[in-house]
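With the hints as extra help, turn the sequences into a complete structure.
Heads up: the protein sequence lines correspond to chains V and F, in order. Using this note's numbering, read the first sequence as starting at 1 and increasing by one per residue. Using this note's numbering, read the second sequence as starting at 1 and increasing by one per residue.
These aren't lab readings, by the way, just hints derived from the structure by calculation. Please note that the accuracy of each hint is not assured.
Lysine to aspartate or glutamate pairs mimicking DMTMM-like chemistry, simulated, CA-CA at most 25 Å apart [to be verified]:
1. F:LYS57 x V:GLU102
2. F:LYS57 x V:ASP27
3. F:LYS57 x V:GLU5
4. F:LYS57 x V:GLU15
Quantities reported herein were computed from a predicted structural model and do not represent experimental measurements.
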Amino acid sequence: GIQVEQSPPDLILQEGANSTLRCNFSDSVNNLQWFHQNPWGQLINLFYIPSGTKQNGRLSATTVATERYSLLYISSSQTTDSGVYFCAVQFETSGSRLTFGEGTQLTVNP
Amino acid sequence: DTGVSQDPRHKITKRGQNVTFRCDPISEHNRLYWYRQTLGQGPEFLTYFQNEAQLEKSRLLSDRFSAERPKGSFSTLEIQRTEQGDSAMYLCASSLAAGHGYTFGSGTRLTVV
Chain V
1 GIQVEQSPPD LILQEGANST LRCNFSDSVN NLQWFHQNPW GQLINLFYIP SGTKQNGRLS
61 ATTVATERYS LLYISSSQTT DSGVYFCAVQ FETSGSRLTF GEGTQLTVNP
Chain F
1 DTGVSQDPRH KITKRGQNVT FRCDPISEHN RLYWYRQTLG QGPEFLTYFQ NEAQLEKSRL
61 LSDRFSAERP KGSFSTLEIQ RTEQGDSAMY LCASSLAAGH GYTFGSGTRL TVV
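Listed below in structure tokens is the structure:
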């Protein structure tokens with residue numbers, strides 16, 4: 001069936017380290033977004049990136065739609081980066097709904 | 001632009017009672033979405049409005065759930081005869097149009113006791 005798979009499920013880093021989060025999806029998409037859910041539950045939109053590469057400060061993302069994956073890069077991580085990172089996709093065949101992955105739980109230690 | 005507002009932030013209710021949540025989207029956004037999130041899971045789609053029209057509903061939205069967006073601005077989500085399985089975070093999001101990212105509200109955490 002239609003799936004969004006994120007890896008790794010958990011990641012623990014020391015402050016200053018870099019990391020790469022991966023999102024694989026099972027079908028063609030016309031919308032892909034990355035979100036950060038902070039420890040208080042607020043979902044923050046990081047990128048709208050159905051294809052190509054974008055950068056915003058220490059964060060960047062790349063989506064290769066033809067190969068059905070997206071990557072989120074976090075450089076020089078900070079403790080405030082901790083939380084859950086979700087990839088969410090809108091499949092071409094599923095109307096306007098976003099299907100979320102199960103997330104990557106990131107912990108950045110000082 | 002004050003973001004997406006949801007009210008209340010928390011709601012505790014007894015099983016069998018009705019509850020209603022409100023979402024105020026970003027004013028120029030004509031698309032509004034409701035999602036539900038349980039502990040340890042990603043959000044799940046419930047329903048989608050474009051202006052005042054409800055264009056999509058998930059099968060998760062049983063007959064006990066109803067959502068409205070009467071004037072294309074704020075939206076309400078009502079749950080009738082609540083059950084313990086309804087306990088979750090209810091999230092509202094809005095977007096300007098297709099091809100734009102979503103802005104989520106802080107959510108309403110429902111606990112059914």
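Hint by hint, here is what the structure shows:
1. F:LYS57 x V:GLU102: With Cα atoms ~21 Å apart, LYS57 of chain F and GLU102 of chain V stay inside 25 Å; holds.
2. F:LYS57 x V:ASP27: 21 Å, holds
3. F:LYS57 x V:GLU5: 24 Å, holds
4. F:LYS57 x V:GLU15: Between LYS57 of chain F and GLU15 of chain V the Cα gap is close to 42 Å, so the pair fails against 25 Å, i.e. violated.
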